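Peer 1: So you can see what is in the structure, the chains are spelled out below.
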Amino acid sequence: MNAAVSMPAGGEVILRAENLERRFGGLTAVSGFSFELREGEILGLIGPNGAGKSTTFNLISGFLRPSGGRLFVKGRDVTGASAKTISRLGLVRTFQHDSLLSEMSVVDNILIGTYHQRLAHEKRMEKVREVASMTGLADHLQTTAGNLPHGLQRMLSIAIALAAEPQILCLDEPLTGLQGAEVSSALELFEKLRTTHGLTILLVEHNMRAVMRACDRVIVLNYGRLLAEGSPETVSRDEAVIEAYLGRGR
Amino acid sequence: MWNRLPGVWICVAIAIASVLFALLATNAYYTSLVVWVLTNAVLASALRFVLQIGELNIATAAFFGIGAYTTAITAVLLGWPFWLTLLLAPLVAGALSALFGWVTLRTKGPYFLLVSFAVTEVVRLIYTQTNAIGGNSGLVGMFPPMAIDAYYPALAVALLAATLFALYGVERSDLGRLFKAIENNDAIPRSVGLNVVLLKVLCVVIAGSAVGLAGGLHAYANNVIAPSDFTFFVAILALAYVKIGGEGHALGPVLGAALLTLVGQWVAGISAWENIFYGAVIVVTLLVFPGGLVGLAARARGLVTRSAR
Ligand SMILES: Nc1ncnc2c1ncn2[C@@H]1O[C@H](COP(=O)(O)OP(=O)(O)OP(=O)(O)O)[C@@H](O)[C@H]1O
Ligand SMILES: [Mg+2]
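As they're listed, the protein sequences go chains A and B. The C-terminal position of the first sequence is numbered 250 in this note's numbering, with every residue numbered one higher than the one before it. The C-terminal position of the second sequence is numbered 559 in this note's numbering, with every residue numbered one higher than the one before it.
The following block holds chain A by itself, in its conformation from the complex (with noise of 0.2 angstroms):
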């Protein structure tokens, strides 16, 4: 829809949302809100507490039906099709909440991610051990998840969605309650995934400076529709964005 701005990583689109739009009764969380994801890009999608950031994650994801609007993923028109068929496509979603198997072990919770694939047992335990060392786990592997540090907690939800191979990885809000370093690394990790493994990423997060840091380009939603849309730099001193931020007390 939007006349695209021209950005470094910007190969095929992978991902084309088109007014899309999902109401709970009487209200309206996504609302005609049209974007695309290209290849190799990691896109910010930013905006305030209860814009519909996670319910955009879940319409794309499948897990829940958009109540109008389009839906393609390669070029594939996924609209309305299931959380199964879109994750076998090659999107995976991490969550905001509840984004791990609490009560099982790392190894269990990782494993989870391996099992769409038909594998040798040996090659699922080579596939979790690799995912543990790329996300800082390789030394908690029988741990609890739920006894884990928090921040080793989010690092989890993404492994877990990494040993699924995705090549598109949408993460809701990975960062929230990461100290510094925590931070830096995730971005380091994100960094990685998109130049050695060749993912694109969708990424959720309220952290500005962090968004600043990682995302070649920015959309931000307010009150389900799309507010504004461009580098980093622009979107952070655009009047309409700064308003939307301010108006909500954040």
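The hints are simulated quantities; they were obtained by calculation from the structure and are not laboratory data. These figures come from a predicted structure and were not determined experimentally. C-beta: ideal position from N, C-alpha, C; glycine also. Some hints here could point you the wrong way.
[Claimed, not checked] Derived BS3-like pairs (lysine-lysine); straight-line CA-CA distance at most 27 angstroms:
| no. | chain 1 | residue 1 | chain 2 | residue 2 |
| --- | --- | --- | --- | --- |
| 1 | B | K358 | A | K84 |
| 2 | B | K430 | A | K127 |
| 3 | B | K358 | A | K192 |
| 4 | A | K74 | A | K192 |
| 5 | B | K358 | A | K123 |
[Said to hold, decoys possible] Selected chain A positions facing chain B (in silico; Cβ < 10 angstroms):
| no. | residue |
| --- | --- |
| 6 | S54 |
| 7 | G62 |
| 8 | A83 |
| 9 | T85 |
| 10 | R88 |
| 11 | V92 |
| 12 | R93 |
| 13 | L101 |
| 14 | H116 |
| 15 | H121 |
| 16 | P166 |
Dock chain B with the ligands against chain A, hints included.
Peer 2: For chain B with the ligands alone, kept in the frame of chain A given last:
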């Protein structure tokens, strides 16, 4: 990992001893008691198996009955061969479990519990209203063939023990890990491309087949079955076995079934008090040691290792 293996071998040894006992003991009361203990152990283990995905399956009683009726109908009314009538029990119970699971497991919450209760009572009413299968009085005359008759208790014990090991095997496999994940937080398996509804149905089907086989074996062990053997109370008793033995380990329901079945034989003497007795045992267990027998054992072991340090 390794300290689990001796436990499994001890269980194998106990299973073999039970088979030998059923084979060699001459007192029919004791051999049938061993069969009954293992039948209850399978009922309780199957109930716990579905508890793994967070659902209380009252229809455990229904599928036990469906297995028994399948075997009884094909044996007595149709005169089909022994092995075929036994094989059909888990197959029919499994197939109907699939249908039941597919209809009920799409929505979460108390819905499944209520429907599983309703199904159990409706199926029982169908038996009572169908004269062709004996109505209220049920079916009589399921006898193993002459050549097998003397070994039947041993055969039943062997098959029931094998069923318990099979359920444990699944619990310890990748599939068991997926069941646990569904119970813990089903959004996670969904998010990585797994069909959660299908997995839940599979769980119900495995448990349904297990109790179906137990039902078929029960038909031959008891020679007579009636609708009143398959009320929802069968599932409530199974739940008591699970709670008393402990839900935390696959051995829990087996221990609970053994203990309560044996003690139940004694209490049955003061018949009117039987249900009150079970009720009291459940309440006391839940209050005094909520983890059941296995929970108690784990706590005792924890105390021992702590004091050893
Ligand atoms: N399942 C639901 N049923 C009813 N209303 C919902 C549901 N999910 C979300 N909403 C509502 O939709 C709106 C958007 O919520 P959403 O969770 O998408 O916001 P968000 O941008 O992720 O906010 P936050 O930054 O706080 O995570 C909110 O008003 C919320 O209350
Ligand atoms: Mg949110």
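Peer 1: So, for every hint listed, does it hold in this structure?
Peer 2: Outcome of the hint check:
1. B:K358 with A:K84: 18 angstroms, holds
2. B:K430 with A:K127: 21 angstroms, holds
3. B:K358 with A:K192: 39 angstroms, violated
4. A:K74 with A:K192: The given pair, whose Cα atoms are some 22 angstroms apart, holds under the 27 angstroms limit.
5. B:K358 with A:K123: Violated, because 34 angstroms separates the two Cα atoms, which is more than 27 angstroms.
6. S54: Hint on S54 (chain A): violated, closest Cβ of chain B at ~12 angstroms, above 10 angstroms.
7. G62: Holds. Min distance 9 angstroms.
8. A83: 5 angstroms, holds
9. T85: 8 angstroms, holds
10. R88: Cβ of R88 (chain A) sits 5 angstroms from chain B, so the hint holds.
11. V92: 6 angstroms, holds
12. R93: 6 angstroms, holds
13. L101: L101 (chain A) check passes; min Cβ-Cβ to chain B is 4 angstroms, inside 10 angstroms.
14. H116: 4 angstroms, holds
15. H121: Hint on H121 (chain A): holds, closest Cβ of chain B at ~8 angstroms, below 10 angstroms.
16. P166: 9 angstroms, holds
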